[in-house]
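S.K.: Each chain is listed here by its residues.
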Amino acid sequence: MDIDRPSDPQVSVVSSDGTMFHTTLKSILLSGTIKDMIEHIGEGGVENMGAIPLQNVDSKTLEIVIKWIEHHKDNIQPTSEEIKDKTADFIDPWDENFLEMDLDKLYNLITAANYLNIPQLLWLSTRKIAMLIKNRTPQEIRSLFNIEDDWTPQEIEAVQKENQWCEEK
Amino acid sequence: MFDDWNNLPDNVTREIFSYLNFKDLFLNASFVCQSWYDYIGKSKECMDKVRLKIEGWHDLEIISDILLRNSPRIYNSLIFYNLNAEKKFPYLLQRRWKDVKLTQMKFISAKKFYEYLKEFGEDLESLEIERIVIIKGDEMCDQTLVLPKLRHLKLKQVPTSAFQVFQRYPNIKSLHFDIPAFGSKRREDITDFFEKFRDVNLKQLTICRNSLYGLPETAHKLIESIIISMTATLDYIELKNWGYCHTLECIWNAMKAKYFSINVCSHVPITRNLLDLSPNTYLKSFTLSLLIEPEIEWFKRLFLLTPNLEELKISLIRKEVVYLAAHYLRKLKVLSYKSCIIEVACEEHELDEFSEEEEDSDPGSNYNFLGPNEVFELSKFNERPNMVKRYKDEKLSIDFAYVYYRELISRETNINQHIRLEKLSFDNWK
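Chains as they are written, first to last, in the numbering used here: chain A, 246 to 414; chain B, 340 to 769.
These aren't lab readings, by the way, just hints derived from the structure by calculation. Hints should not be assumed to be uniformly reliable.
To be verified - Ranges of calculated distance between the beta carbons of each label pair, as one might list FRET restraints:
#1 Tyr420(B) / Asp394(A): 47 to 53 Å
#2 Pro487(B) / Gly277(A): 33 to 39 Å
#3 Ser388(A) / Arg537(B): 56 to 62 Å
Just so you know, even glycine gets a beta-carbon here, dropped at the ideal spot from N, CA and C.
Chain B with its partners taken away, still in its complex shape:
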């Protein structure tokens, strides 16, 4: 029976393939037979899991002139790396693209940037732009991109002069935005950009404020007020390098999001301010980075504030307090989170301390607070990233891994860009 796949109704085949990931679909299933290859190539759901990667002019010529003309696959997603933006590629642009990402590209002016993006047509649903340069940043562009179907916009390390080409997109659901830190020639472009998104019915918002000092206080206040106006509809809020306590309190008290992540600068006394917040019954997942000195009261307060919380992640706390934090979390017997993760930041020489523990025949003996039947294993990171050893018993599952990192924590630097983590995770916590 199952040798007759062609008789399966289309919705059944679609359902089967929908469970497969990129590797299963494009490296294995596509090679089974030509009908599978054709099916996958024409299935929107399957093709939504792949994108064409163009890394240079040579790639572009091959893809544009050979591959796309002959392939039955209906690609809808493109990523460009380091291309010469002044060159044209007409055949490629004849296709209707839904998802485009540009990274590491140079444009002469904002007008050229606009003209380039305009070529992708008005069908774009997702647009991501990272690390581009506009050489003549002072030249104005008097036209804006019309993208009526745009639902996702990500701008990361994009000069302010590029912002003028974007308009208000009424159907947008997800916005990811890095505020340029320094070198902004026209800072009003940033606030103008944000004004376009005031009261838009966003579902997901990620904002990275790369510098607390790069913008005047008035600009910060304006951006914060717009963000607060957005919060009521958001399901997902991620604020990076966010240290203004007043804003945090306003956002927290206004939001109905299920997921909230905040990364604050190390000198901001987040622990104290958490105590002043109102209870939030909407929150399911909460991630907090750079918690410096957790105290037992802080954890108690967090638990009371978020009665429906299912996932808690505390990142980049100091090595000296990680066991203390784990101890407090464990001590609060009322905890019933599905997942509780503590990530530790430490200096390179401190990693040796963890390595030494690995030699210990009974590593759990050093951590009595885990309980007599709850032992965790410490595994040294080797060539495989994210390697994790897991210990499980009836009550507790602990993932413990550590990862190589490059630079020390500095209170004056953007920590996320320079450090990788030592990670202690508590999953399935009961």
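Isolated chain A, as found in the complex:
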């Protein structure tokens, strides 16, 4: 962390379970939510500002988020459209590796990225979920996400019939 650099002062954040984390202003500004808070305080207020409480993010998740923002604080991330246009090869290998986590952690990361308004992290993590859904059968998807099958055979048949008149646009 660049705590000695006056242009990039240290900022503290506190998770919902009371754990404090320290990071740099440059990193934390990747979060739109915190950026709005800091802008509200005004110029010069960062040094005097206390730890920022993040009620919706637990310590395990916040640690992961901070690891990501510190890695990406100096590089410009692709936009949502650019991510969607590219193949899997396009994703930064570091990010691919970073997102190798169990589904519970990924779920928490997604909700944290959404709450903290970190668009690039949200796009990457939701894309990861989408890639898990891709090319899987309904039963495989249900098993993966522990979703209950609430269809009756008649209802399935009705949707299949409906699909006969559907085509890719």
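Keeping the supplied structure of chain A fixed, place chain B upon it in accordance with the hints.
M.R.: Just chain B now, kept in the frame of chain A:
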């Protein structure tokens, strides 16, 4: 945690589903559970990937009376095949459609054509019409379609008498237009139609000139001048069967498009004229069809003309020169395109030559210009279309495939309608 999808914020669910294609959404994810089915069916982004396909009166009755009344899906896109245009389907038309495509339909007159389209309402954002017939083409229609939200219009193999029902659409961004080749009873309808689009802020333009001889020279000049007036705002320009060199030069020099595709007739000396063009720094992707005799100077000139080019595709060049072209492209070490594709046109018996090469244990040995470590594999097309074998090494990735075709190249015919390609692709060229 992830078993509780319902607690995910709506924007997150939307983001996840936005990465899925039609097959993932409608053949798999929709069947996972009822809440997923409902979500997908009500999501505009998901429903933008599907359209209802109605192929006949029987389909129409089922869809209109049964399916649409009960389904929670909010369809916004329709395609009609071969329907009797005189029949009405009131329930279907009560919905607000954003995207409609009509193909292979007959209308008694232009007025009936207008009345039919008018039923879809003023919410249409995209309208495509292909291969329709208007039986009484001489009857005039004095009303025009008001489509204030129209952004995309495609007219392909549509009789000129249909053009009168369209007006100038100020919000249109994409126009695809095939100029009728022959049988046009009122050719002024074509030029009148184009006048409606002069100075419209178009982003995408595709024009297929099906016959160089079907229209008088004055009409061509007028259409060309309108196209040139459009070029400054266009990002995407595709000109098919386009052979007038003067126009090409004017368009090239005026355009700021990132994508430019031109398909010229075989007798037009495009190679010579390219040498006279000005450099274009906007162009990222360039496709040129029917390049007959590429020369090394031509490739050098192309590279200098387009310093920011990322993708180059040269289609329908003769088999005899494809290796020569590849050789020249390879020889120009300065090339740094992301993608470079050469598509070959050849006669059926010539395909055998490629098949014979497949038997060769070292096919690369016949193509020394590729370099000692750069071998390409030749694969015979089988039942799967677009089958491609890929060879990759650190420097070069080559896709090589060939596809069955039906007719010979003829300089006098519309080549695109009659031929499929043998394809040699160079991707990730470094």
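S.K.: For every hint, state whether the structure bears it out.
M.R.: Here's how the hints hold up against the structure:
The given range of 47 to 53 Å is broken by Tyr420(B) and Asp394(A), whose C-beta atoms sit roughly 35 Å from each other. Evaluation of the 33 to 39 Å hint for Pro487(B) and Gly277(A) yields a pass: the beta carbon distance comes to about 35 Å. Take Ser388(A) and Arg537(B): their Cβ atoms lie about 59 Å apart, and the range 56 to 62 Å holds.
In summary, the structure is inconsistent with hint 1 from the numbered list given earlier, while agreeing with all the others.
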